[in-house]
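*Asks:* So you can see what is in the structure, the chains are spelled out below.
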Amino acid sequence: MTPELDIEPGSSHAYHTGDWRTRQPVYRNKWPPCSQTCPASEDIQAWLALATEQQWQAAWRKLTERNPFPATMGRICYHPCESACNRKHLDSAVNIHAMERYLGDRAITRGWKHKAVCDTPQTQRVAIVGAGPAGLSCAFQLARQGYPVTIFDAQAAPGGTLYSAIPDYRLPKSVLAKEINAILALGIELRLNSRVGKEISESDLRDQFDAVFLAIGTQRPRQYLTKESSKHSVMSGLEFLHRLNRGEQIALLSKRKSKQVAVVGGGNTAIDVARCVRRLGAEVTVICAQDSHGNHHRELGTEMPASRQEVIEAETEGVQLIYRAGVCRLVRSGEHLSGIEVAHVDQVYDRHGNFNPVLFDGTEEFVPAGLAIFAIGQEADWQGLERLSQATESEGVWLGGDAVSKSKLAATAVGSGYQAAMSIMARLKGESFVFDDHKKAQITFRQMQLHYYPKQPRHEGETNEQRLDGFNEVVTGLADDDAAHEARRCLSCGVCFRCDNCWHFCPDAAVIKTTADYEIDYNYCKGCGICAQECPCGHIDMERLND
Amino acid sequence: MKTNAMDKRDAFRHNVLTSGHRACSGCGEAMAARMVSDLIGPDAIYINATGCLQVFTTHNQQSAWQAPWIHSVFANAAAVASGVEAALRAKGKGTPVVVQAGDGGTFDIGLQCLSGMIERGHDVLFVCYDNEAYMNTGVQRSSSTPHAVRTTTSPPGRLSQGKHHLKKDVISIIAAHHMPYAATATIAYFPDLKAKVEKAMRIKGPRFLQILSPCPLGWAHDSALSVTVSRLAVETGLFPLVELEHGELTGVMRLAEQKPVEEYLRPQGRFKHLFGSKTGAVELRHLQALADARIRHYDLLDADTQWDTERAMQSARHGRGGYASSMPTSEAVKNDA
Numbered sequence: 010m011t012p013e014l015d016i017e018p019g020s021s022h023a024y025h026t027g028d029w030r031t032r033q034p035v036y037r038n039k040w041p042p043c044s045q046t047c048p049a050s051e052d053i054q055a056w057l058a059l060a061t062e063q064q065w066q067a068a069w070r071k072l073t074e075r076n077p078f079p080a081t082m083g084r085i086c087y088h089p090c091e092s093a094c095n096r097k098h099l100d101s102a103v104n105i106h107a108m109e110r111y112l113g114d115r116a117i118t119r120g121w122k123h124k125a126v127c128d129t130p131q132t133q134r135v136a137i138v139g140a141g142p143a144g145l146s147c148a149f150q151l152a153r154q155g156y157p158v159t160i161f162d163a164q165a166a167p168g169g170t171l172y173s174a175i176p177d178y179r180l181p182k183s184v185l186a187k188e189i190n191a192i193l194a195l196g197i198e199l200r201l202n203s204r205v206g207k208e209i210s211e212s213d214l215r216d217q218f219d220a221v222f223l224a225i226g227t228q229r230p231r232q233y234l235t236k237e238s239s240k241h242s243v244m245s246g247l248e249f250l251h252r253l254n255r256g257e258q259i260a261l262l263s264k265r266k267s268k269q270v271a272v273v274g275g276g277n278t279a280i281d282v283a284r285c286v287r288r289l290g291a292e293v294t295v296i297c298a299q300d301s302h303g304n305h306h307r308e309l310g311t312e313m314p315a316s317r318q319e320v321i322e323a324e325t326e327g328v329q330l331i332y333r334a335g336v337c338r339l340v341r342s343g344e345h346l347s348g349i350e351v352a353h354v355d356q357v358y359d360r361h362g363n364f365n366p367v368l369f370d371g372t373e374e375f376v377p378a379g380l381a382i383f384a385i386g387q388e389a390d391w392q393g394l395e396r397l398s399q400a401t402e403s404e405g406v407w408l409g410g411d412a413v414s415k416s417k418l419a420a421t422a423v424g425s426g427y428q429a430a431m432s433i434m435a436r437l438k439g440e441s442f443v444f445d446d447h448k449k450a451q452i453t454f455r456q457m458q459l460h461y462y463p464k465q466p467r468h469e470g471e472t473n474e475q476r477l478d479g480f481n482e483v484v485t486g487l488a489d490d491d492a493a494h495e496a497r498r499c500l501s502c503g504v505c506f507r508c509d510n511c512w513h514f515c516p517d518a519a520v521i522k523t524t525a526d527y528e529i530d531y532n533y534c535k536g537c538g539i540c541a542q543e544c545p546c547g548h549i550d551m552e553r554l555n556d
Numbered sequence: 271m272k273t274n275a276m277d278k279r280d281a282f283r284h285n286v287l288t289s290g291h292r293a294c295s296g297c298g299e300a301m302a303a304r305m306v307s308d309l310i311g312p313d314a315i316y317i318n319a320t321g322c323l324q325v326f327t328t329h330n331q332q333s334a335w336q337a338p339w340i341h342s343v344f345a346n347a348a349a350v351a352s353g354v355e356a357a358l359r360a361k362g363k364g365t366p367v368v369v370q371a372g373d374g375g376t377f378d379i380g381l382q383c384l385s386g387m388i389e390r391g392h393d394v395l396f397v398c399y400d401n402e403a404y405m406n407t408g409v410q411r412s413s414s415t416p417h418a419v420r421t422t423t424s425p426p427g428r429l430s431q432g433k434h435h436l437k438k439d440v441i442s443i444i445a446a447h448h449m450p451y452a453a454t455a456t457i458a459y460f461p462d463l464k465a466k467v468e469k470a471m472r473i474k475g476p477r478f479l480q481i482l483s484p485c486p487l488g489w490a491h492d493s494a495l496s497v498t499v500s501r502l503a504v505e506t507g508l509f510p511l512v513e514l515e516h517g518e519l520t521g522v523m524r525l526a527e528q529k530p531v532e533e534y535l536r537p538q539g540r541f542k543h544l545f546g547s548k549t550g551a552v553e554l555r556h557l558q559a560l561a562d563a564r565i566r567h568y569d570l571l572d573a574d575t576q577w578d579t580e581r582a583m584q585s586a587r588h589g590r591g592g593y594a595s596s597m598p599t600s601e602a603v604k605n606d607a
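So the protein lines, in turn, are chains L and R. Residue numbers for the first sequence follow our numbering, beginning at 10 and rising by one. Residue numbers for the second sequence follow our numbering, beginning at 271 and rising by one.
Take these hints with a grain of salt, some might be off.
Every beta carbon over 12 Å from chain R, so not counted as near; a handful from chain L, in silico [claimed, not checked]:
1) Q45
2) L193
3) E248
4) E374
5) W391
6) A400
7) S432
Straight-line alpha carbon distances no greater than 20 Å define the calculated SDA-like cross-link-like pairs of lysine to any residue that follow [unchecked claim]:
8) R:K464 with R:N285
9) L:K522 with R:P461
10) L:K464 with R:E580
11) R:K278 with L:H25
12) L:K522 with R:D277
13) L:K97 with R:E580
14) L:K522 with R:R283
15) R:K278 with L:D509
16) R:K278 with R:G311
17) R:K363 with R:P338
18) L:K522 with R:N285
19) R:K464 with L:D509
20) R:K469 with R:G311
21) L:K464 with R:P461
22) R:K278 with R:P338
23) L:K464 with R:Q528
24) L:K522 with R:M276
25) R:K278 with L:G27
26) R:K474 with R:D313
27) R:K278 with L:I529
28) L:K464 with R:D578
Per the computed footprint, the stretches of chain L lying under chain R, defined by three or more beta-carbons under 8 Å from a beta-carbon of chain R, are [to be verified]:
29) 19 to 25
30) 516 to 527
31) 541 to 550
No wet-lab data here; the hints were simulated from the structure. For every residue, glycine included, the Cβ atom is placed at its ideal position computed from N, Cα and C.
The whole structure should be built from the sequences, with the hints applied where relevant.
*Replies:* Take a look at the structure:
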């Protein structure tokens with residue numbers, strides 16, 4: 010044994026500076042605003058991070074955990090995620106919907122297949138009424154967990170509203186069909202042309218299945234209330250889109266009728282209809298009771314419900330919009346419709362919040378039109394499901410999708426299907442179910458250090474210039490290179506992307522880097538807070554210590 | 271402590287200056303010294319002048335250095351280094367020799383030995399951790415203390431607005447020795463600091479680095495703001511990042527955007543007396559004029575250079591921000607299917 014000297018140097022390790030600390034850093038994942046606002050609760054940051062590493066298939070798998078329709082939603086969703094994106098405070102929001110579409114299209118072209126999460130087959134059977142986004146999303150989640158699922162749909166093709174009411178220029182039928190087929194390939198039984206109450210009875214559903222999910226959507230158009238009985242030259246927006254999507258010739262351009270069409274309504278259906286009418290070669294005027302975007306005054310919440318982007322595109326295509334106008338009457342000469350008399354709308358909603366416009370006398374104007382299409386909302390048609398729709402979850406019946414949710418986004422329906430599936434599985438296993446358990450603390454751009462991110466332009470798909478020639482898609486998907494670059498624009502709000510800043514900047518070498526992540530050695534951390542201050546994405550919190 | 275066991279906690283870094291040292295919370299000098307010594311590595315001889323760094327790293331016979339380290343007295347660090355280097359040369363060894371000193375040990379007390387070391391051409395890197403006052407003894411003014419700063423020996427009051435005199439332009443004095451390499455750096459711009467240390471280590475002969483190291487105690491700012499404050503010193507033009515080779519200016523960090531000096535002064539208690547008084551307002555204008563003069567002198571807004579203050583923040587890692595060197599994705603996981 011070597012003799013010990015009085016002056017033999019020791020290591021500073023013996024002295025734990027950690028007990029100087031009055032506050033301490035903690036690594037904590039936040040829930041970024043994009044995911045916070047996503048109606049389908051997609052973990053957008055997570056799949057963009059995988060896309061950043063060009064792990065395309067892993068990114069697609071992460072995305073489809075919540076939403077099995079990326080190619081579809083990437084095209085048609087009005088992407089509230091992008092309105093919430095923190096990057097807009099630096100330059101412009103990440104093009105999330107284009108990335109989603111890119112992953113979905115890549116999956117389709119390469120034939121990626123969904124994988125079951127659980128290999129052991131379950132015995133309890135689940136019936137789903139409605140093969141729309143909610144029903145299919147629910148079926149997808151259940152089938153992945155090994156449940157035998159049967160979907161009943163009254164129509165001849167699956168897809169619900171996605172199939173019947175979305176025009177081809179926004180969503181080609183083949184894209185939707187391929188995504189649906191990928192879902193059905195998990196072993197889901199689909200019975201088309203089967204309306205409950207007609208081809209199958211309510212009691213059969215109850216007897217043969219352990220759980221029933223009703224996602225019937227809103228297939229019945231709200232009718233324009235009028236004393237006049239003639240339905241001539243009047244159509245509902247939904248009927249118009251259904252017929253168009255079935256490939257029927259629509260008679261709006263027959264010789265005797267004028268090439269003027271009026272669309273009544275301020276929602277996305279109205280805009281869809283108007284853009285379709287333009288593609289059929291007619292002039293179109295949208296009569297909207299609400300105010301235009303960014304121009305609502307007098308009372309709050311009177312902005313038109315349609316997506317701003319859709320309205321901009323519609324105007325580019327030559328759609329005329331009249332705001333704050335309500336229908337007084339249809340002007341006819343005999344059966345022939347010559348136009349619509351409209352007047353200024355003073356109050357859009359009554360004090361209960363219901364749509365109940367007050368028209369001012371003496372402000373009447375005439376809008377010439379040979380065909381009037383009313384796209385003024387739609388509702389669920391519970392015919393044949395009277396008893397089941399009154400049942401509760403404890404009786405084994407779940408309700409979801411557009412039929413019951415206030416927001417009518419397709420992504421909301423997908424999210425609703427996911428929640429129903431989780432709730433159904435929990436109940437069948439006898440567990441309690443709490444949704445939102447994945448939600449974490451939020452993060453705003455103020456908690457982030459945006460100067461660590463370079464400004465980068467947003468990548469867009471190309472716009473089809475000859476768009477009015479037919480029903481071809483208006484925007485193309487991202488090119489491969491652009492997709493890789495666009496994914497890197499994600500700021501990774503609140504989620505560590507291993508930038509090393511905390512590790513570089515710790516004055517006390519108390520941040521330890523490992524192959525997987527970073528650890529704080531609390532024996533030495535003095536709690537200065539530099540790591541939290543310099544973390545670009547706000548992943549680190551400073552916590553006050555009590556004693 | 272019987273054995274001086276090496277710290278091997280971190281697989282990615284040696285931690286030449288390891289944990290357990292007694293620097294104040296948020297110390298910019300401790301951060302800078304760890305950055306520099308990790309870039310040079312443990313196979314070097316570190317010579318320390320008296321100062322904060324020497325005191326807080328070797329308290330109570332407990333050394334935070336995981337490399338050979340010597341301290342003699344305040345003034346002679348450069349002279350000790352000269353001797354060490356001459357001895358290594360005589361033995362035919364090429365071990366790097368690094369001197370570390372504060373601004374007191376460089377600008378004032380150590381200047382004569384430093385000048386001699388450079389004049390004799392010793393192969394030594396001299397690093398000055400500039401925290402702009404004698405912090406170790408309780409914040410007395412040094413010749414590095416900028417104009418109008420409050421220290422215990424330049425207190426503001428009725429007749430004074432802090433230090434009367436200007437900060438000594440030491441980098442010009444050093445560069446005037448016609449030496450191979452002299453540069454300024456700061457902790458906020460780690461990629462820039464790294465490039466400068468690595469460049470210095472490739473050059474033979476005397477080399478000099480002046481690293482601005484904020485001191486939360488003496489500058490009286492929040493300990494979390496050390497990096498932010500040093501970044502603002504550069505962005506306002508008060509501390510230009512420059513490289514001089516054989517007396518000639520060979521590189522500067524261009525300012526992507528010049529920030530008003532107030533942004534730098536506001537978070538620091540040592541400039542607090544300047545705000546809210548007429549005489550203080552004069553000094554604020556003076557400091558702004560000093561920053562403007564430095565920007566003109568080094569052409570900080572238009573120089574044609576590799577870095578600017580914006581891009582230097584955002585190197586590597588797919589340009590997603592942060593200072594991590596980019597981690598290559600393995601080809602196996604890339605482009606699956």
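*Asks:* Find the nearest Cβ of chain R to the Cβ of E248 of chain L and say whether that gap is larger than 12 Å.
*Replies:* At about 43 Å from chain R, E248 of chain L clears the 12 Å cut-off, so the statement holds.
*Asks:* With the threshold set at 20 Å, check whether the alpha-carbon distance from K464 of chain R to D509 of chain L stays at or below it.
*Replies:* 14 Å, holds
*Asks:* Are the Cα positions of K522 of chain L and P461 of chain R separated by 20 Å at most?
*Replies:* Holds: K522 of chain L and P461 of chain R sit about 18 Å apart, inside 20 Å.
*Asks:* Measure nothing beyond the straight line between the CA atoms of K464 of chain L and E580 of chain R; if it is 20 Å or shorter, mark the hint as holding.
*Replies:* 10 Å, holds
*Asks:* Establish whether the coverage given for the segment 19 to 25 of chain L by chain R is satisfied; the threshold is a Cβ-Cβ distance below 8 Å, and no fewer than three residues must meet it.
*Replies:* With 7 residues in contact (Cβ-Cβ under 8 Å with chain R), the coverage given for the segment 19 to 25 of chain L holds.
*Asks:* Taking 8 Å as the Cβ threshold, is the statement that the segment 541 to 550 of chain L is covered by chain R upheld or broken by the three-residue rule?
*Replies:* Coverage by chain R holds here, the residue count being 5 at a Cβ distance below 8 Å.
*Asks:* Is the straight-line distance between the alpha-carbon of K278 of chain R and that of P338 of chain R 20 Å or less?
*Replies:* Roughly 17 Å between the alpha carbons, so the hint for K278 of chain R and P338 of chain R holds.
*Asks:* Hinted pair, alpha-carbon criterion (20 Å max): K522 of chain L, D277 of chain R. Please report holds or violated.
*Replies:* Holds, at about 14 Å.
*Asks:* Take a quick look at E374 of chain L and tell me if its Cβ sits farther than 12 Å from every Cβ on chain R, holds or violated.
*Replies:* 53 Å, holds
*Asks:* For the pair supplied as a hint, K464 of chain R and N285 of chain R, is the alpha-carbon distance within the 20 Å limit?
*Replies:* 15 Å, holds
*Asks:* Given the hinted pair K464 of chain L and D578 of chain R, is their alpha-carbon gap at most 20 Å?
*Replies:* Given that 20 Å is the threshold and the Cα spacing comes to 14 Å, the pair holds.
*Asks:* For the pair supplied as a hint, K469 of chain R and G311 of chain R, confirm whether the alpha-carbon distance does not exceed 20 Å.
*Replies:* 14 Å, holds
The structure agrees with every numbered hint stated previously.
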